[in-house]
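Visitor: Quick mapping for you: the protein sequence lines, in order, are chains Y and B. Following the working numbering, the numbering of the first sequence begins with 1 at its first residue and continues without gaps. Following the working numbering, the numbering of the second sequence begins with 1 at its first residue and continues without gaps.
To be clear, the hints were calculated from the coordinates, so they are not data collected in a lab. Certain hints may be false.
DEER-style ranges, computed between Cβ atoms [claimed, not checked]:
1. Y:Leu4 to B:Val43: 17 to 23 Å
2. B:Ala9 to Y:Ala2: 36 to 42 Å
3. Y:Gly8 to B:Ala94: 40 to 46 Å
4. B:Gln12 to Y:Gly8: 19 to 25 Å
Anything over 12 Å on all C-beta distances counts as not near chain Y; from chain B, calculated [to be verified]:
5. Lys56
6. Val62
7. Gln70
8. Val76
9. Leu78
10. Leu84
11. Ala90
12. Ala124
Since the model is a prediction, treat every value here as computed from it, not as a measurement. Cβ coordinates follow ideal geometry from the N, Cα and C atoms, glycine included.
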Amino acid sequence: MAMLRFLGGLLALISLQPVASSAETWPSRPVRLIVPVVAGARPTPRRA
Amino acid sequence: MIGEYLSRALGQQFIVENRSGAGGLAAIEAVGKSAPDGYTILVTTDRVASAPHVLKLGVNPVTDLSPVIQISRQPVVLAVHPSLGVASLAEFLALARARPGMSYATSGVGIHQHVAGEWLQKLAGSSSRSSLIAAARRPPTTSLPGM
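Bound-form chain B, shown alone (with noise of 0.2 Å):
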């Protein structure tokens, strides 16, 4: 959407390249590596800044990368399977709390659901890290049935 606006509005072709590998951090460190020539940008969300804390990145987005823009913002949200019993974050943190070991699943390692998950966690007082970094490599439509 945003390729075809640019396309139309500057009378030049702007090709949009979905490049998969390590998570999306390929990605991030191709543009970072690219040529500085305004030729290469990067349109990602935030894991950009969340990612390097949890995984290795070839390149170090503060200094490799010069933000542009915040295109749109992306809202993070908790859905449990309707057979939990849980109506309210309190109640799901209550039962969290009695069963450790619950496993959620997002998209991916190192981006903000998981950074939010890890801090769902600690305020639930759980201790099922190994489990969770687990779950978090499955894509979602997989694990979130088996929580």
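So here's chain Y without its partners, still in its complex pose (with noise of 0.2 Å):
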């Protein structure tokens, strides 16, 4: 249910349309996703 649920956001978004008023199509040059992050966080070291 939750990949289901994450594969139709994806669908989602892939189905953007642009922003602007523009005759262009989306995107037309590179997308930037900004994600935040805390400071001094990292990723948990997998157990053996």
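Join the two chains, each given in its own frame, into one complex according to the hints.
Guide: Here is the structure:
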């Protein structure tokens, strides 16, 4: 169920329409995905 | 993972930028102040909704950002050191009432874990707010064993 929600979210994301009033097809240039991170946080080491 | 998928699906590069600063709020502000052209997208937890109620934010998420989709759901779990000797939420709340001043750790001030912790504290009837805030500013990996 969680995977279905995730895939549904991805499909919705790729169907985004251009925000600006332009005839260009989105995306016509690289898109930045900004992800907030907390300084000092680090990935949890995997256990052996 | 999302960036790679979108890059393949849309034939355009999606660049993931991990942005630190102010517990992650700098990233929210950066996107809120960016050009509204669809080329700068925020991927965040619900801290974007909870943080403004705890910390000062340079943008108004309600008016400066538009929600697009929910990508996933993230549960909040409560975990304690085994030596604490509690095996249920009821036992934990009883211990918290008996021991005022217990601290907990989250990954940042103002994020959903912090809000959930404050809510739990209210349920427990505890009154150790200042110590909880201080604990929340430390990385969980260093502060949790000291509960």
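Visitor: Give a verdict on every hint.
Guide: Here is how each hint holds up against the structure:
no.: 1; hint: Y:Leu4 to B:Val43: 17 to 23 Å; in the structure: holds (20 Å)
no.: 2; hint: B:Ala9 to Y:Ala2: 36 to 42 Å; in the structure: violated (20 Å)
no.: 3; hint: Y:Gly8 to B:Ala94: 40 to 46 Å; in the structure: holds (41 Å)
no.: 4; hint: B:Gln12 to Y:Gly8: 19 to 25 Å; in the structure: holds (22 Å)
no.: 5; hint: Lys56; in the structure: holds (16 Å)
no.: 6; hint: Val62; in the structure: holds (17 Å)
no.: 7; hint: Gln70; in the structure: violated (6 Å)
no.: 8; hint: Val76; in the structure: holds (16 Å)
no.: 9; hint: Leu78; in the structure: holds (17 Å)
no.: 10; hint: Leu84; in the structure: holds (20 Å)
no.: 11; hint: Ala90; in the structure: holds (28 Å)
no.: 12; hint: Ala124; in the structure: holds (26 Å)
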